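Protein chains: 2
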Amino acid sequence: MSLLVTGSIGIDTVHTPFGKRESLLGGSAIYFSYAASFFTPVRLVGVVGEDCPETLLKIFEGRDVDTSGVERRKGSKTFRWHGSYLQNMNEAVTVQVDLNVLAEATAPIPPQFRDSKHVFLANTHPRLQREMMQSLHSPRLVVADTMNLWIENEREELLKLIGSVHGLVLNDGEVRLLTQKQNLVAAAKEVLKLGPRFVVVKKGEHGSLMVTESDVFVLPAYPAEKVVDPTGAGDSFAGGMMGYLSTQGSFTSSTLKRAMAFGTVVASFTIADFSLDGLKATARHQIDHRWDEFKRAMAF
Amino acid sequence: MSLLVTGSIGIDTVHTPFGKRESLLGGSAIYFSYAASFFTPVRLVGVVGEDCPETLLKIFEGRDVDTSGVERRKGSKTFRWHGSYLQNMNEAVTVQVDLNVLAEATAPIPPQFRDSKHVFLANTHPRLQREMMQSLHSPRLVVADTMNLWIENEREELLKLIGSVHGLVLNDGEVRLLTQKQNLVAAAKEVLKLGPRFVVVKKGEHGSLMVTESDVFVLPAYPAEKVVDPTGAGDSFAGGMMGYLSTQGSFTSSTLKRAMAFGTVVASFTIADFSLDGLKATARHQIDHRWDEFKRAMAF
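Protein chains in written order, with our numbering: chain A, -3 to 296; chain B, -3 to 296.
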């Protein structure tokens, strides 16, 4: 069943030990959509500026990603991000960021997308995330992401959002900031009290952690030997996870665990090359093969 | 079958968010021995000073740890370490360290210990580690630890040691320093080329990684919700791992994986309280129970 994602679309400059690349396609919704499209049809909602090359969204040609929810806004400029991983491959240093059109109103969810059953609200102002959620008819699964900015400055709005979603995906620094707890298991359990049925904590190269009412699940990252560009790993993880979940009849702990393993594996293909090149070079059967291999390697 | 360990014995002062404790028993060989003794008889070799309280080694009363290899050296002082985890529970800041007797000659391996089949050479000068190894008759399994000091200043001696052991256990910073590779899988594979059959990389709260010729294995830490004092976690991990291995007939990848999981679980009991108090409060059946639980929680 189809999966709706709302999030950023951007043009990136990325500098890693493997080189510097400019005018790369990026943004949370782009990585998420591509990753999820290995599993399920995707509906993409986002906004770009007038300056965005027409060819940019050609990346989705031949894939089941409906880009009719992407607004090209006149008089606005596309979001741009310049990051460097020269010091630390696990955490980008932002050299420059120009929010541009992301600082304006979000793209509306088109009427033909409002029956979506599975939804991922990538990071934006939590009030806007909630408005988008409320414009949907009857979603089965709504999962949100967030970031430090909203945790620090829009706590009340964020708590309302967290109280109304099924799942929350955030990184280790964010869950610590949100709960003021250093221990990640304790912090994730604290978030569970705010409403969601599951909380997934992304730890970059150290893997991920999920807490539900009855379970604590820890998963290492896929032991990749060559990491060229970590940009989009977290969004690819979320895309792979949500893509798999959208094909499932229920969201039990064991389904969620398998979904996280798919997210982990998809992200391992993303980081093997710059921008979307790693995912573009990947076929679904390679994902399934690596998933099996990962499952075997993890067993003891 | 019995397991020989040589390493440090010390008196610690530890400061964590849960309080400050002084005159605690510590040192790599102490944590290792207690952890391993859940699985197999242990032979402990180490040296303390004249100032060491007679009662200190009473910790092993009622346990199968032979302390006849502990030398009490006249005119010397016991190793002392003062560490703080106030800033970061995953990495101690050393407030003060007095090597004292550790800066002198090591304790000799007593004749009655020389038939030991399983040996763990905890961190000391690599030449001394090699001498100790050479004084053994015909060990089946020799595993060594090391530290930054020797990687930086005694590289040639260290490479000789690494070339003559079956396994090497070291932490993420050490393996990066040794190989000049940032990626941990690539770094561990580089160490494999130096001779050992397996390399285990300890990543603290992020778990551990093992590389053999045919396998890469990643294991998260046990998702502990309350960490009181992380001191000795790595040595307890090594002790649990080596303790289990000493009871096994062969050292295949799958045996090594199960051993790492036992090490992980034993360490999770260590960090639940100060010094050895966590281990002292633990029974073998609790370790087996948590191991089963961990195995189930890791499956997907």
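For the record, the hints were derived by calculation from the structure and aren't laboratory data.
Be aware that a few hints might be false.
To be verified - Sample of chain B residues facing chain A (criterion: CB under 7 Å; computed from the structure):
hint, residue
1, R59
2, N96
3, A99
4, P135
5, V181
6, G200
7, V212
8, P216
9, E221
10, R292
11, F296
Unchecked claim - Here are a few chain A residues that sit away from chain B, every Cβ distance over 12 Å (derived from the structure):
hint, residue
12, S33
13, G58
14, H78
15, A99
16, D211
17, V212
To be verified - Pairs of lysine-lysine, DSSO-like flavour, derived with a Cα cap of 30 Å:
hint, chain 1, residue 1, chain 2, residue 2
18, B, K185, A, K276
19, A, K185, B, K189
20, A, K291, B, K54
21, A, K16, B, K276
22, B, K177, A, K185
23, A, K177, B, K276
24, A, K253, B, K222
25, A, K222, B, K113
26, A, K222, B, K185
27, B, K185, A, K185
28, B, K185, B, K276
29, B, K276, A, K222
These figures come from a predicted structure and were not determined experimentally.
All C-beta atoms in this analysis are idealised placements derived from N, C-alpha and C, irrespective of residue type, glycine included.
Numbered hints the structure breaks, given as an ascending list: 1, 2, 3, 4, 6, 10, 16, 17, 19, 20, 21, 22, 25, 27, 28 and 29
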